[in-house]
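Generate coordinates for the entire structure from the input sequences, incorporating the hints supplied.
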Amino acid sequence: MAQVITIQEAVDKVTDGMAVMVGGFIGSGAPGQILAQLAETKVKDLTLIANDTGVLGDALSQMVVNHRLKKVIASHIGTNKETGRQMNAGELEVVLAPQGTLVEQIRAAGAGLGGVLTPTGIGTVVEEGKQKVTVNGQEYLLEGPLGADVAIIKAYKADRAGNLVYRRAARNFNPVMATAAKTVIVEVEKLVEVGEIDPDEVMTPGIFVDYLVLSQSVEVKNVG
Amino acid sequence: MEWLVERVAQEFHTGDVVNLGIGMPTKVANHLPEGVTILLQSENGYLGLGPSPEQGQEDPDIVNAGGQFASVLAGGSCFDSATSFGIIRGGHVDATVLGALQVDEEGNLANWMIPGKMVPGMGGAMDLVVGARKVIVAMDHTAKDGSSKVLKKCTLPLTAAHQVNLIVTDMGVMEVTAEGLLLKELAPGVTLEEIQACTEAELVMQETLVAR
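Read top to bottom, the protein sequences are chains A and F.
In terms of the UniProt record's numbering, the first sequence is numbered consecutively and its last residue is 224.
In terms of the UniProt record's numbering, the second sequence is numbered consecutively and its last residue is 212.
One or more of the hints may lead you astray.
[Unchecked claim] In the SDA-like style, the derived pairs of lysine to any residue whose C-alpha atoms are separated by at most 25 Å in a straight line are:
id: 1; chain 1: F; residue 1: 117; chain 2: A; residue 2: 210
id: 2; chain 1: A; residue 1: 70; chain 2: F; residue 2: 114
id: 3; chain 1: A; residue 1: 81; chain 2: F; residue 2: 22
id: 4; chain 1: A; residue 1: 190; chain 2: F; residue 2: 71
id: 5; chain 1: A; residue 1: 190; chain 2: F; residue 2: 56
id: 6; chain 1: F; residue 1: 153; chain 2: A; residue 2: 138
id: 7; chain 1: F; residue 1: 152; chain 2: A; residue 2: 210
id: 8; chain 1: F; residue 1: 117; chain 2: A; residue 2: 90
id: 9; chain 1: F; residue 1: 153; chain 2: F; residue 2: 170
id: 10; chain 1: A; residue 1: 71; chain 2: F; residue 2: 115
id: 11; chain 1: A; residue 1: 81; chain 2: F; residue 2: 9
id: 12; chain 1: A; residue 1: 190; chain 2: A; residue 2: 210
id: 13; chain 1: F; residue 1: 152; chain 2: A; residue 2: 123
id: 14; chain 1: F; residue 1: 117; chain 2: A; residue 2: 87
id: 15; chain 1: F; residue 1: 117; chain 2: A; residue 2: 66
id: 16; chain 1: A; residue 1: 81; chain 2: F; residue 2: 120
id: 17; chain 1: F; residue 1: 153; chain 2: A; residue 2: 140
id: 18; chain 1: F; residue 1: 117; chain 2: A; residue 2: 73
id: 19; chain 1: F; residue 1: 117; chain 2: A; residue 2: 57
id: 20; chain 1: A; residue 1: 190; chain 2: F; residue 2: 58
id: 21; chain 1: A; residue 1: 130; chain 2: F; residue 2: 22
id: 22; chain 1: F; residue 1: 184; chain 2: F; residue 2: 147
id: 23; chain 1: F; residue 1: 117; chain 2: A; residue 2: 6
id: 24; chain 1: F; residue 1: 117; chain 2: A; residue 2: 123
id: 25; chain 1: F; residue 1: 27; chain 2: A; residue 2: 55
id: 26; chain 1: A; residue 1: 71; chain 2: F; residue 2: 119
id: 27; chain 1: F; residue 1: 153; chain 2: A; residue 2: 125
id: 28; chain 1: A; residue 1: 71; chain 2: A; residue 2: 47
id: 29; chain 1: A; residue 1: 130; chain 2: F; residue 2: 161
id: 30; chain 1: A; residue 1: 70; chain 2: F; residue 2: 117
id: 31; chain 1: A; residue 1: 71; chain 2: A; residue 2: 127
id: 32; chain 1: A; residue 1: 130; chain 2: F; residue 2: 116
id: 33; chain 1: A; residue 1: 132; chain 2: F; residue 2: 83
id: 34; chain 1: A; residue 1: 132; chain 2: F; residue 2: 82
The hints are simulated quantities; they were obtained by calculation from the structure and are not laboratory data.
This is the structure we're talking about:
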């Protein structure tokens, strides 16, 4: 059974130096309410693993602006100019990974794999320092697994067993991250009783989920 | 610009799964030839990418790869990022159209960073260029300072090596072949001498090339 907690209780689970995965794609499907409060704490030296660092002004971007991070692993930082500024000023370490590689590294960690072989990045700076493996005459890069201490993700709907349903393109990195962290905290728009989500509709099985945070309700249109 | 996007759109066939890069490539969707229907893939996790919604109909759960509000067409499907990039790397995308800072006669592409100046990150571009069956670069032939963007060898950090198939610019259409860049078409009003003067790479002439 997943435990339902408050935003403050969720924020308290993140401590100095942790590796934190955050779901979302340029803000869509990001756990905005937890992040907004986390950005206002005194927590420091976090490693953020996310597709991007948000759009300047949104909750994820405030994690950068308020210096909560010491390192970022992401595929794109262009929508938050503060990330680039801190990187160039030597205040923040940034590791850029191709988006498809990043999500597979996370999936590998969650699936108990020692990494993945991908053709992406061959012949570019991405291959620097990495092992190359040839399979059937084609060269691949070995990319290692990437797990985290905490994953903070967003789902549309959860039941009290932690089974999750995502909505539209807000799914993105969320279900993959749910598998790859020691502690998984989910911000949900809607909480229902066990049995109210059909097993066939579950996108993330509840066994992956530790905590549920019910977000302050936002009207959602056109839910199928 | 109008000719360029119309020309790129002619590369598609009904049923093609296509990923359009942010910016100018996005406009290609509005210039499909009569009767051609394609399925657009959005790297953030769905097939059936539709146009921007009307004001008041925006849905924060439906954005395109640039983060702008978009729509999902009937028959579309949503999935997570791992599936999305499995579709991309796995050869299930027929074509991708991307802009470029530089492209060269070996089919190398540079479009993700200018060291010391601009380091936004590669996002999904590296996977798209490696995985899509056909890679079409759509860009201005020259940079703002007049220098050629069609080079013998890219000087900026590469997005991918040897993956570009077709280059469509405001001056013409070039195919990447083992013999070099094959000039297939000239844009309206552009002469052979003009495009050669603006191209650092050697252009191989197609025998049937007809200047317009």
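Evaluated hints:
no.: 1; hint: 117(F) <-> 210(A); verdict: violated (42 Å)
no.: 2; hint: 70(A) <-> 114(F); verdict: holds (24 Å)
no.: 3; hint: 81(A) <-> 22(F); verdict: holds (18 Å)
no.: 4; hint: 190(A) <-> 71(F); verdict: holds (23 Å)
no.: 5; hint: 190(A) <-> 56(F); verdict: holds (23 Å)
no.: 6; hint: 153(F) <-> 138(A); verdict: holds (23 Å)
no.: 7; hint: 152(F) <-> 210(A); verdict: violated (55 Å)
no.: 8; hint: 117(F) <-> 90(A); verdict: holds (15 Å)
no.: 9; hint: 153(F) <-> 170(F); verdict: holds (21 Å)
no.: 10; hint: 71(A) <-> 115(F); verdict: holds (20 Å)
no.: 11; hint: 81(A) <-> 9(F); verdict: violated (33 Å)
no.: 12; hint: 190(A) <-> 210(A); verdict: holds (16 Å)
no.: 13; hint: 152(F) <-> 123(A); verdict: holds (17 Å)
no.: 14; hint: 117(F) <-> 87(A); verdict: holds (12 Å)
no.: 15; hint: 117(F) <-> 66(A); verdict: holds (24 Å)
no.: 16; hint: 81(A) <-> 120(F); verdict: holds (9 Å)
no.: 17; hint: 153(F) <-> 140(A); verdict: holds (23 Å)
no.: 18; hint: 117(F) <-> 73(A); verdict: holds (20 Å)
no.: 19; hint: 117(F) <-> 57(A); verdict: holds (23 Å)
no.: 20; hint: 190(A) <-> 58(F); verdict: holds (20 Å)
no.: 21; hint: 130(A) <-> 22(F); verdict: violated (30 Å)
no.: 22; hint: 184(F) <-> 147(F); verdict: holds (22 Å)
no.: 23; hint: 117(F) <-> 6(A); verdict: violated (42 Å)
no.: 24; hint: 117(F) <-> 123(A); verdict: holds (22 Å)
no.: 25; hint: 27(F) <-> 55(A); verdict: holds (24 Å)
no.: 26; hint: 71(A) <-> 119(F); verdict: holds (16 Å)
no.: 27; hint: 153(F) <-> 125(A); verdict: holds (16 Å)
no.: 28; hint: 71(A) <-> 47(A); verdict: holds (5 Å)
no.: 29; hint: 130(A) <-> 161(F); verdict: holds (17 Å)
no.: 30; hint: 70(A) <-> 117(F); verdict: holds (22 Å)
no.: 31; hint: 71(A) <-> 127(A); verdict: holds (20 Å)
no.: 32; hint: 130(A) <-> 116(F); verdict: holds (24 Å)
no.: 33; hint: 132(A) <-> 83(F); verdict: holds (24 Å)
no.: 34; hint: 132(A) <-> 82(F); verdict: holds (22 Å)
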